[in-house]
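The primary structure of each chain is shown beneath.
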Amino acid sequence: MNILVVLRMVPDVVEELEIAPDGKSLDLEFGRMVLSESDDHALEQALLIKERSGGTVTALALEAREVDEVLFAALAKGVDRVVKITGPKEGATTREAAHSIAQVISSEPGLKGADLVLTGTQAINDLDGLMAPSLAQELSLPFLGIVTGLVPDSSAPSAVAVKEFPRGVGGEFEVALPAVFGIQAAEKPPRYVPVAKVRAVMKSQRIDSVSAAATEEPSLSLLLVLEMTKPQPTAHAEILEGSPEQTASALCGILAERGLL
Amino acid sequence: MGGATLSVGSSSPEITLENLLQHPKGQELLTCIQCGLCAGTCPYGEVMAYPPRRIIAMLRAGMLESVLTSDSLLACVACYSCMAKCPRNIQLTEVLLPLVKEQVFLRLAELPAELHKALDNTLRYGNPMAESPRKRAAWIKTVDFPIRILAEDPRPVDVLWFVECQNSYHPRGQDVSRATAKLFHVLGIDFAILGNEEKCAGECARLLGEKGLFETLTDYIMVVFSKYRFNRIVTSGAHAYDAFKHPYTAAGFKYEVAHTTPFFADYLEQLKSRLTRKLPYAITYHDSCCLGRHNGFYEQPRWLLQAIPGVKLLEMPHNRISATCCGGGGGGMWLDTYYKTKGYERLSERRVKEAVSTGADVIAVSCPYEISRFEDALKVLGYEKKVMVRDVTELLSEAMEV
Chain A
0 MNILVVLRMV PDVVEELEIA PDGKSLDLEF GRMVLSESDD HALEQALLIK
50 ERSGGTVTAL ALEAREVDEV LFAALAKGVD RVVKITGPKE GATTREAAHS
100 IAQVISSEPG LKGADLVLTG TQAINDLDGL MAPSLAQELS LPFLGIVTGL
150 VPDSSAPSAV AVKEFPRGVG GEFEVALPAV FGIQAAEKPP RYVPVAKVRA
200 VMKSQRIDSV SAAATEEPSL SLLLVLEMTK PQPTAHAEIL EGSPEQTASA
250 LCGILAERGL L
Chain B
0 MGGATLSVGS SSPEITLENL LQHPKGQELL TCIQCGLCAG TCPYGEVMAY
50 PPRRIIAMLR AGMLESVLTS DSLLACVACY SCMAKCPRNI QLTEVLLPLV
100 KEQVFLRLAE LPAELHKALD NTLRYGNPMA ESPRKRAAWI KTVDFPIRIL
150 AEDPRPVDVL WFVECQNSYH PRGQDVSRAT AKLFHVLGID FAILGNEEKC
200 AGECARLLGE KGLFETLTDY IMVVFSKYRF NRIVTSGAHA YDAFKHPYTA
250 AGFKYEVAHT TPFFADYLEQ LKSRLTRKLP YAITYHDSCC LGRHNGFYEQ
300 PRWLLQAIPG VKLLEMPHNR ISATCCGGGG GGMWLDTYYK TKGYERLSER
350 RVKEAVSTGA DVIAVSCPYE ISRFEDALKV LGYEKKVMVR DVTELLSEAM
400 EV
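For the record, the sequence lines run as chains A and B. Each residue of the first sequence is one higher than the one before, starting from 0 at the first, in numbering that gives the first Met the number 0. Each residue of the second sequence is one higher than the one before, starting from 0 at the first, in numbering that gives the first Met the number 0.
These aren't lab readings, by the way, just hints derived from the structure by calculation. Where a beta carbon is used, it is the ideal one built from N, C-alpha and C, also for glycine. Some hints here could point you the wrong way.
[As the list claims (entries may be wrong)] Below are the DSS-like pairs computed for lysine-lysine, each with C-alpha atoms no more than 25 angstroms apart in a straight line:
#1 K134/B with K229/A
#2 K140/B with K116/B
#3 K341/B with K116/B
#4 K339/B with K352/B
#5 K134/B with K277/B
#6 K116/B with K187/A
#7 K84/B with K352/B
#8 K226/B with K277/B
#9 K378/B with K352/B
#10 K24/B with K253/B
#11 K187/A with K341/B
#12 K187/A with K339/B
#13 K196/A with K311/B
[Unchecked claim] Pulled from the structure, derived: some chain B residues nowhere near chain A, Cβ distances all over 10 angstroms:
#14 L107
#15 T215
#16 R276
#17 G295
#18 K352
[Stated by the list, open to error] Per label pair, the in silico range of CB-to-CB distance:
#19 L254/A with A129/B: 34 to 42 angstroms
#20 A129/B with F164/A: 27 to 35 angstroms
#21 R123/B with P232/A: 27 to 35 angstroms
#22 V150/A with I320/B: 31 to 39 angstroms
#23 Y254/B with M227/A: 43 to 51 angstroms
#24 A250/B with D79/A: 33 to 41 angstroms
Could you build the full structure based on these sequences and the hints that come with them?
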């Protein structure tokens with residue numbers, strides 16, 4: 000079972016986000032980048048499958064700041080090969096990114112013919128969840144999203160995937176392989192990798208770099224960003240000051256005045 | 000068994016679990032009389048599958064692998080009790096336990112979620128709380144006199160104050176930082192901080208067995224220290240002090256270092272004339288494991304507290320070398336949920352019950368972990384209106400009219 004995992008770096012919201020001078024995008028030079036949480040789950044799901052049934056796991060990511068640390072950590076966790084895709088501009092739309100990644104998957108030796116392609120269902124900069132279905136479309140593979148469990152059967156080849164629905168309803172799907180899956184959550188939380196293991200991997204293993212050909216299509220998105228702004232406060236909360244008795248009395252007064260008591 | 004190593008000084012070869020019993024430091028273990036005092040004094044000794052006595056026995060019997068594949072040592076809160084009470088003076092927490100814990104850590108199938116997050120955050124942000132490293136020094140804007148940051152003003156300074164994570168970010172820790180800054184200021188001490196360049200000293204990572212994270216932080220901090228000229232380092236972190244005083248020496252740390260509590264005790268005579276406000280508190284002092292058992296600072300905090308007018312000092316039955324750990328060391332700070340799931344009593348709750356039994360209305364502390372741990376425990380036990388937790392520096396600051 001050969002598994003590809005697509006990892007995305009997203010802005011780290013521990014730091015304040017800043018708007019770029021063009022007023023239409025994030026200032027990615029100012030902030031930091033972190034592995035998208037659901038992609039971390041996709042990676043964990045791939046490692047769980049490898050541990051259960053054998054096979055290989057390859058992680059792919061578009062070049063971005065701090066991506067090397069993430070790829071080395073993936074190697075330390077048990078990924079067999081990591082590939083960094085260079086070429087596409089930072090801040091590409093999800094569909095543009097999917098196009099570049101699919102192009103590399105289709106052309107790079109060792110990446111073609113994977114049984115499973117996993118990535119996170121959503122990312123904080125892809126709330127529409129377009130990455131997995133876009134990859135499936137580009138690779139002409141079936142797609143299933145919002146997956147929380149995945150058990151492949153290499154003899155079929157097929158996989159039984161658990162998909163979440165609203166109101167706690169879960170569905171089991173048998174999917175013919177190869178296929179693309181959007182992972183909502185791995186069967187277990189992503190594992191911790193001791194720093195010593197990452198440091199050892201940084202000395203002994205390497206990140207393969209593959210360049211993606213420039214896309215010929217002018218734009219793969221119909222969305223046009225007009226303006227990006229920080230949330231503008233329109234009203235402020237009133238803070239009640241004083242002793243607990245004073246603030247309780249003031250609060251009761253406000254509730255009574257507004258007809259709530 | 001794996002490649003765990005421990006450097007114990009430039010003249011000795013590195014100790015590993017494989018050569019431990021051939022190494023002079025490891026041969027101390029052969030003198031163990033299996034009296035079990037270590038297990039008896041261990042605050043979680045009764046719940047550990049492998050308390051210290053049994054680990055030594057397993058090592059000597061060639062059966063250590065069972066210990067390494069167990070999660071028993073996650074209950075070790077690195078309180079130094081086993082070492083302090085050992086009648087053969089075996090340096091358990093200096094040699095055997097770090098080596099074993101490192102191997103246990105590497106083999107843990109799953110890390111408890113809070114601990115996992117704290118370690119990830121410490122590596123990425125330099126603090127376990129996932130606070131922005133760019134806001135580490137934000138608290139200094141709440142002090143009404145300027146605090147020098149060395150990156151902005153790198154002139155030589157007398158005291159480099161290493162604030163540490165909890166006192167940089169936690170609201171109650173920031174109270175301690177304001178009090179500490181006031182003491183430096185009032186005493187006329189020339190001091191400065193690293194500001195946003197500072198990161199966690201990593202001592203808890205080491206005592207948990209996350210050696211790689213500890214070494215990463217050590218390497219970083221040693222480079223930052225080397226950029227500036229100062230006479231001495233003073234830190235608010237009892238764990239940071241312990242790290243600088245002991246394991247950092249293997250990385251070349253040769254600076255004079257003090258923790259704030261014994262540091263201010265050295266200025267007691269100058270402070271006394273300033274301590275003019277009467278504080279009508281019955282105070283019980285909780286000995287920090289790092290400052291007390293590991294470094295012997297038992298009396299300094301008590302001298303400071305007794306210098307405050309109006310204070311009545313009460314002792315808990317377990318004090319000084321016998322003090323019960325707050326449960327925060329060795330990663331315990333992020334294992335409360337794990338311990339609760341296992342059905343263990345939280346050590347902070349055990350300690351707070353003891354403090355309340357003295358009749359004290361203030362628990363005085365010197366370690367940044369203890370404030371939030373004891374305040375939480377007081378709330379859990381319903382004592383929060385009866386007893387306060389205050390750092391020694393906060394009480395000194397409160398006792399000053401200015």
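Outcome of the hint check:
no.: 1; hint: K134/B with K229/A; in the structure: 19 angstroms, holds
no.: 2; hint: K140/B with K116/B; in the structure: 29 angstroms, violated
no.: 3; hint: K341/B with K116/B; in the structure: 19 angstroms, holds
no.: 4; hint: K339/B with K352/B; in the structure: 17 angstroms, holds
no.: 5; hint: K134/B with K277/B; in the structure: 36 angstroms, violated
no.: 6; hint: K116/B with K187/A; in the structure: 15 angstroms, holds
no.: 7; hint: K84/B with K352/B; in the structure: 23 angstroms, holds
no.: 8; hint: K226/B with K277/B; in the structure: 43 angstroms, violated
no.: 9; hint: K378/B with K352/B; in the structure: 12 angstroms, holds
no.: 10; hint: K24/B with K253/B; in the structure: 23 angstroms, holds
no.: 11; hint: K187/A with K341/B; in the structure: 19 angstroms, holds
no.: 12; hint: K187/A with K339/B; in the structure: 21 angstroms, holds
no.: 13; hint: K196/A with K311/B; in the structure: 52 angstroms, violated
no.: 14; hint: L107; in the structure: 8 angstroms, violated
no.: 15; hint: T215; in the structure: 6 angstroms, violated
no.: 16; hint: R276; in the structure: 23 angstroms, holds
no.: 17; hint: G295; in the structure: 32 angstroms, holds
no.: 18; hint: K352; in the structure: 27 angstroms, holds
no.: 19; hint: L254/A with A129/B: 34 to 42 angstroms; in the structure: 36 angstroms, holds
no.: 20; hint: A129/B with F164/A: 27 to 35 angstroms; in the structure: 32 angstroms, holds
no.: 21; hint: R123/B with P232/A: 27 to 35 angstroms; in the structure: 30 angstroms, holds
no.: 22; hint: V150/A with I320/B: 31 to 39 angstroms; in the structure: 56 angstroms, violated
no.: 23; hint: Y254/B with M227/A: 43 to 51 angstroms; in the structure: 47 angstroms, holds
no.: 24; hint: A250/B with D79/A: 33 to 41 angstroms; in the structure: 34 angstroms, holds
When the structure is compared with the earlier hints, violations turn up for hints 2, 5, 8, 13, 14, 15 and 22 and for no others.
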